[in-house]
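Q: If you want the building blocks of each chain, they are given just below.
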Amino acid sequence: MFYITLIFDYFKNYMKTRLTYRSDFWIEVLSDLLFNGLNLFFILVVFLQTQSMGGWNQEQILFIYGYFMIPYGIFISFFNLWGFSERYIIKGEMDRILTRPAYNLWQLMLENLDPASLFSALAGMVVMIYSWVKLDLPFHWHDPLIFIVMVLGSILIYAGVYVSLTALAFFSDAPTGILPLIWNIQNYGRYPATIYNKLLRSILTWILPFAFVGFYPAAYFIDPENWKWFALLTPVVGIAFSILGITIWNIGVKRYRGAGS
Amino acid sequence: MLSAYLEVIRMRFLMMLAYRVNYYSGILIYALNIGSYYFVYKAIYGDHAMIGGLTLGQMTTYVAISWMGRAFYFNNLDREIANEIRDGSVAIQFIRPYNYIFVKMMQGLGEGVFRLLLFTTPGMIFIWLLLPIQLPSDPSLWVIYLVMLFFSFLINTQLNIITGLFAFFLENNEGLMRMKRVAVDLFSGLIIPISFFPGWSKSILEWLPFQAITYLPSAVFTGKITGHAILQNFGVQALWFLVLIIPIYVLWVKSKTRLFVQGG
Chain A
1 MFYITLIFDY FKNYMKTRLT YRSDFWIEVL SDLLFNGLNL FFILVVFLQT
51 QSMGGWNQEQ ILFIYGYFMI PYGIFISFFN LWGFSERYII KGEMDRILTR
101 PAYNLWQLML ENLDPASLFS ALAGMVVMIY SWVKLDLPFH WHDPLIFIVM
151 VLGSILIYAG VYVSLTALAF FSDAPTGILP LIWNIQNYGR YPATIYNKLL
201 RSILTWILPF AFVGFYPAAY FIDPENWKWF ALLTPVVGIA FSILGITIWN
251 IGVKRYRGAG S
Chain B
1001 MLSAYLEVIR MRFLMMLAYR VNYYSGILIY ALNIGSYYFV YKAIYGDHAM
1051 IGGLTLGQMT TYVAISWMGR AFYFNNLDRE IANEIRDGSV AIQFIRPYNY
1101 IFVKMMQGLG EGVFRLLLFT TPGMIFIWLL LPIQLPSDPS LWVIYLVMLF
1151 FSFLINTQLN IITGLFAFFL ENNEGLMRMK RVAVDLFSGL IIPISFFPGW
1201 SKSILEWLPF QAITYLPSAV FTGKITGHAI LQNFGVQALW FLVLIIPIYV
1251 LWVKSKTRLF VQGG
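Which chain is which? The protein sequence lines are A and B, in order.
Going by the working numbering, 168 is the number at position 168 of the first sequence; the sequence numbering is gapless.
Remember, the working numbering sits 1000 above the position in the second sequence when you count from 1.
Please keep in mind that the hints were generated in silico from the structure rather than gathered at the bench.
All residues carry an ideal CB built from backbone N, CA and C; glycine is no exception.
Careful: at least some of the hints might be erroneous.
Taking lysine to any residue pairs in the SDA-like style, the calculated list, with each CA pair at most 25 Å apart, reads [unchecked claim]:
no.	chain 1	residue 1	chain 2	residue 2
1	B	K1202	A	F35
2	A	K198	B	Y1041
3	B	K1180	A	D114
4	A	K91	A	L81
5	B	K1180	B	I1194
6	B	K1180	A	I203
7	B	K1180	A	L44
8	A	K16	A	E93
9	A	K198	B	Q1134
10	B	K1180	A	G37
11	B	K1042	A	G37
12	B	K1180	A	F25
13	B	K1042	A	F42
14	B	K1224	A	L30
15	B	K1180	A	P115
16	B	K1042	A	F35
17	B	K1042	A	K16
18	B	K1042	A	L181
19	B	K1042	A	I203
20	A	K198	B	I1027
21	A	K198	B	F1234
22	B	K1202	A	L38
23	A	K198	B	I1029
24	B	K1042	A	R201
25	B	K1202	A	L34
26	B	K1180	A	L34
27	B	K1224	A	L48
28	B	K1256	B	V1008
For each label pair, taking beta carbons as the anchor points, the in silico distance ranges come out as [unchecked claim]:
no.	chain 1	residue 1	chain 2	residue 2	range
29	B	M1179	A	K134	27 to 35 Å
30	A	L122	B	K1254	57 to 65 Å
31	A	K134	B	N1033	23 to 31 Å
32	A	P144	B	L1017	51 to 59 Å
33	B	W1142	A	F41	30 to 38 Å
34	A	L145	B	P1122	44 to 52 Å
35	B	L1002	A	L122	52 to 60 Å
Can you build the whole structure from these sequences, using the hints too?
A: Here is the structure:
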């Protein structure tokens, strides 16, 4: 319960600082949407020239992309630790976090809330519903439930991968350039994993499981005959990777020694 | 005077060299982007022999050369200028005995040369080993491409300078800068070649300067544009370079009467 009330307190705090610079907030939302719109635009223009992408039609690709944006937007809103090493390790702010009673990672996430990205999730929802209708997919009573479980699974995968990578800051002093690298790999999850070669596909499934943040869960809804059971692995992979991430994080925090004076 | 500007290029080059480690991961990031587009286009082509006037082999080359070209012409001069205007240090530049705009351009060039030698060239070799890229065998095409790429740099830098100078007139031009970045990536043909666009938008894009940044040089290099049309495209680039000098000049003259420093 304590952890839930923390969310609201931090969120209120965020709103107060943000509303001081109102136009800035909307600019951020707009440019976020524009950036996502870029990929959407790519799909639309490309399908003017062809009917299928590796056997998938335009609405199916849009569906996958719409799904992809939802866990992504939610995750980014809560996890905004790209400058972790600089701000918390080098400048020593981690000391402040560790002296407080709440779990350190939770505090870090709340301190860096970025709800502007929720608009991306919303846009993804719109794209997904649009293509759901266009594809004339059946709608079962359990679909919303499964959808929520899938999105949670995808978010946990993101969390697992990025928490492990952020934790690297505890083990090496130099800020690593690996985060933007992985950032680009996740873009491979936007498209059907079937278009990649075998090597890439197994990396995206088992090592950096970004196919589970877009393609596999989306395929549960658009092509259940082939993908139903595989797609249901999403929450399992999510739990496995988040446990891994938090374990690495906790080991890292134990190693942490305050920097500076 | 000229030697002063050359010194500016050299200084920026050395400054970039000091932080070169970031660039190794940058090459991998570009390679990942190119790889992703390669697979996507491969799936899109399927059984099509040619889409938008390009074969799959040409398309792969187009994507690779466009991204690696971007590594050369890309710079953050818009942000640098906007920051200098906001914190007031541009006032010092006004009284120095050189042209501020020209110095910025030279700094961009220093960065560009650095990126060309330590990013684009090794990156291109790396990508060439990984993907089926068809590089032209005609050496004159390489020379033409390099000249056109230089004009890409000039035009992109001019657009950056214009965006940056707007900080004199808008208190916060962050939104404008982000918008410009999306516009350059999309309308220049980096994300999708202009020939893929539907008819009406294609003719709009042909009247905008963005296509001169990526599409024209890359299309020449991949052999989509040949013969006499090459010269014509180079003319388009040169024309945009000359035209864009006008807004920069106007903005610069006007800005001298507009300077107010926010919290300097």
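Q: All the hints need checking, so say for each whether the structure fits it.
A: Now the hints, each set against the structure:
1. Between B:K1202 and A:F35, the direct Cα distance comes to roughly 21 Å. Compliance with the 25 Å bound is thereby established for this hinted pair.
2. At roughly 17 Å between alpha-carbon atoms, A:K198 and B:Y1041 fall within 25 Å of each other, so this suggested pair holds.
3. Restraint check for B:K1180 and A:D114: the C-alpha separation of about 23 Å stays at or below 25 Å, so the hint holds.
4. Of the pairs offered as hints, the one joining A:K91 and A:L81 holds, with about 14 Å between alpha carbons and a cut-off of 25 Å not exceeded.
5. This hinted pair checks out: B:K1180 and B:I1194 have alpha carbons roughly 18 Å apart, not beyond 25 Å.
6. Our distance criterion of 25 Å between C-alpha atoms is broken by B:K1180 and A:I203, whose separation comes to about 35 Å.
7. As the CA atoms of B:K1180 and A:L44 are separated by approximately 21 Å, the hinted pair is consistent with the 25 Å bound.
8. Only pairs whose Cα atoms come within 25 Å are accepted, and A:K16 paired with A:E93 is accepted, the gap being roughly 22 Å.
9. With a CA separation close to 24 Å, the supplied pair A:K198 and B:Q1134 stays within the 25 Å bound.
10. In summary, the hint linking B:K1180 to A:G37 is supported, as the alpha carbons are separated by about 14 Å, within the 25 Å threshold.
11. Only pairs whose Cα atoms come within 25 Å are accepted, and B:K1042 paired with A:G37 is accepted, the gap being roughly 22 Å.
12. Annotation: proposed proximity of B:K1180 to A:F25 holds, straight-line Cα distance about 18 Å (limit 25 Å).
13. Among the hinted pairs, B:K1042 with A:F42 is consistent with the structure: their alpha-carbon atoms are about 15 Å apart, no more than 25 Å.
14. With a C-alpha separation of about 35 Å, the suggested pairing of B:K1224 with A:L30 is violated against the 25 Å cut-off.
15. Distance hint between B:K1180 and A:P115 is fulfilled; the C-alpha atoms sit about 24 Å from each other, no more than 25 Å.
16. Annotation: proposed proximity of B:K1042 to A:F35 holds, straight-line Cα distance about 24 Å (limit 25 Å).
17. For a cut-off of 25 Å, the pair hint linking B:K1042 to A:K16 is broken: about 49 Å separates their Cα positions.
18. A hinted pair counts as satisfied when its Cα atoms are at most 25 Å apart, and B:K1042 with A:L181 qualifies at roughly 23 Å.
19. A threshold of 25 Å between alpha carbons decides the hint, and for B:K1042 with A:I203 the separation of about 19 Å falls inside it, so the pair holds.
20. In summary, the hint linking A:K198 to B:I1027 is supported, as the alpha carbons are separated by about 23 Å, within the 25 Å threshold.
21. Pair hint A:K198 plus B:F1234 does not hold up; C-alpha atoms about 42 Å apart against a cutoff of 25 Å.
22. The straight-line distance between the Cα atoms of B:K1202 and A:L38 is roughly 17 Å, inside the 25 Å bound, and the hint therefore holds.
23. Pair hint A:K198 plus B:I1029 holds up; C-alpha atoms about 21 Å apart against a cutoff of 25 Å.
24. For the hint linking B:K1042 to A:R201, the alpha-carbon distance of about 15 Å falls within 25 Å, and the restraint holds.
25. Between B:K1202 and A:L34 the alpha-carbon distance is near 20 Å, which keeps this suggested pair within the 25 Å criterion.
26. Annotation: proposed proximity of B:K1180 to A:L34 holds, straight-line Cα distance about 11 Å (limit 25 Å).
27. Taken as a hint, the B:K1224 and A:L48 pair is honoured in the structure, with Cα atoms around 20 Å apart against an allowance of 25 Å.
28. Proposed proximity of B:K1256 and B:V1008 is supported: the alpha carbons are some 23 Å apart, at most 25 Å.
29. Taking the beta carbon of each, B:M1179 and A:K134 are about 30 Å apart, inside 27 to 35 Å as hinted.
30. Range check, A:L122 to B:K1254: about 40 Å between beta-carbon atoms, so the 57 to 65 Å window is missed.
31. Judged by the Cβ atoms, the range 23 to 31 Å given for A:K134 and B:N1033 holds: they are separated by roughly 29 Å.
32. Checked against the hint of 51 to 59 Å, the pair A:P144 and B:L1017 passes, with Cβ atoms roughly 55 Å apart.
33. A hinted range of 30 to 38 Å for the beta carbons of B:W1142 and A:F41 is consistent with their spacing of about 32 Å.
34. At roughly 50 Å, the beta carbons of A:L145 and B:P1122 sit within the given window of 44 to 52 Å.
35. Taking the beta carbon of each, B:L1002 and A:L122 are about 55 Å apart, inside 52 to 60 Å as hinted.
Checked against the numbered hints given earlier, this structure breaks hints 6, 14, 17, 21, 30; the rest are met.
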